[in-house]
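Protein chains: 2
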Amino acid sequence: VITVLCANPALDVTYRVDRLTPGDVHAVYSVQRRAGGKGTNVARVLRQLGEAVRLVAPLGGTDGERYAAEIAESGIELVAVPVGAPPRTSVCVLDEDATVFNEAGPELAASEWDAVVDAVLQPRPDVLVLSGSLPAGVPTDAYARLIRPDVVTVVDAKGPVLAAALTARPHLVAPNVAEAQDILGAGDAAQCAAGLRSRGAGSAVVSCGPDGLVAATSDGTWIARPPRALSGNPTGAGDALTAALAAGLARAAPWPDLVRDAVATSAAALGRDTAGEIDLDLRAELLGQVVIEEVRDAADQHS
Amino acid sequence: VITVLCANPALDVTYRVDRLTPGDVHAVYSVQRRAGGKGTNVARVLRQLGEAVRLVAPLGGTDGERYAAEIAESGIELVAVPVGAPPRTSVCVLDEDATVFNEAGPELAASEWDAVVDAVLQPRPDVLVLSGSLPAGVPTDAYARLIRPDVVTVVDAKGPVLAAALTARPHLVAPNVAEAQDILGAGDAAQCAAGLRSRGAGSAVVSCGPDGLVAATSDGTWIARPPRALSGNPTGAGDALTAALAAGLARAAPWPDLVRDAVATSAAALGRDTAGEIDLDLRAELLGQVVIEEVRDAADQHS
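Which chain is which? The protein sequence lines are H and F, in order. Residue 313 in the working numbering sits at position 284 of the first sequence; the count goes up by one each step and never skips. Residue 314 in the working numbering sits at position 285 of the second sequence; the count goes up by one each step and never skips.
So that you can see chain H by itself, here it is in the shape it has in the complex (with noise of 0.2 angstroms):
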């Protein structure tokens, strides 16, 4: 089983409009409202890939209700840890572009993020996804104590959180280029990939957006891109990325097979329009087109 732990869970309403125009009233015409977070949508991808998913979230109030009452339909096992407040929202509204409004959440008890901690590790993991960002309340140290050496961690996080996650030594880390440039400084997907391993993360997968991955680990480095340019909402893309990496790192797949996978997986999401589904058949028509390439670096080719 693979947990995944959504620690700062939001409603997410997406609005449609015909242009957002600042300082205008704006008649929404169409309203969505979904269970969301990075966990989440990382939570929902596995489903659909076929993997035995436990998520576990922090949930209060009615909008605490509603999102575990829209999860339980979807098959995912969800471990929801009772909390006071209710979990924040997030407004996106879509005309060409999408403009989102990310409320910050509740703060939690020290006691609630404990009982969200032993929910997290108790059973023992095969694989636990750590992703997105921490609520109010609990310290920057929080995924980097959730990391144990017996427990394959994927941790999908930004800015100190991230930072604090590498000294615990994760087995993985898949930021994106600009968050993996904000915490190391500079230096292009590559660079970071292996700044991220020397900083403590076993492997660690560099997101290019429409451009591919780089992915660093100790059997080899690649570069990975889609087959040709997509075009779609790419919002939830990096969430379907993290996905395919913890599918596959519970199945022990080969690195270049799992890299293969991760590029047509995230290029599949741009098919839907809502973050935490992808287009299954996308990504098998994807998958045997992913373009990938070994990087043999100087000291590489010394040895």
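By construction, these hints were calculated from the structure, which means they are not laboratory data. No false leads were slipped in.
Heads up, the list lumps identical chains together, so a pair's fine if it works in one copy or across two of them.
Calculated lysine to any residue pairs in the SDA-like style (CA-CA distance at most 20 angstroms, straight line):
hint, residue 1, residue 2
1, K187, A56
2, K187, T169
3, K187, D53
Given chain H, put chain F in place with the hints provided.
Just chain F now, kept in the frame of chain H:
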């Protein structure tokens, strides 16, 4: 007792952000949730003016309960008509400007609307305020059908709903100048006020935002404006105007007094960030300073 119908109640959510940029992801740094809808705001201001208020609203779901719980704390008598669907949400994103996203709201069944009509007319109101949009599924002449010769009725509506209401000869209509022009075709505020009377309104108050208002009545026509330019959030100024007019009619105030009060109360809404609230000190200060002028047109001077 003044009865206010809020036919399409809302939960108003206000997000403060640094600067709204279409296509960007925004961190929301403060969130306010509040029972809303124009009728709700009118009822709140009436309560601040010391009037006994009965607010009728169709309410369903947990968001309906949230709305009811909040109104219960305000001293307003709420008649919640149970319906299947929850109230709509309206999101206002505040930076320098206010950018608003209005959900359409749920469709009411015919039987649900019948229950609303019963709740509005029994017991018979002294003054009835019909303010804001109608929910989907309700015919355009729904306000018109609520207008009775023996009930002093104030209508703040627009478009076909206002046009239909005029045919039922309401005691007073109070659109803004753009809304009046929209149904009359053209004309300045004074011409619009006269036009609304000739279309069926007993009296017409046409508001011009910071420039005050024109009131055309059977006792005469007045132009009134605030003594000085006031800065602040204009959201809800129209609802404060409607509330002052209803309160004045309930007390059978002479038109010149009523007009002064309406201008002062509307301007006092600028002193508060939240729709449905007025600055009572500012209202008291402005009340004696409103600039009012009686208009004598050709017909009047002839008599």
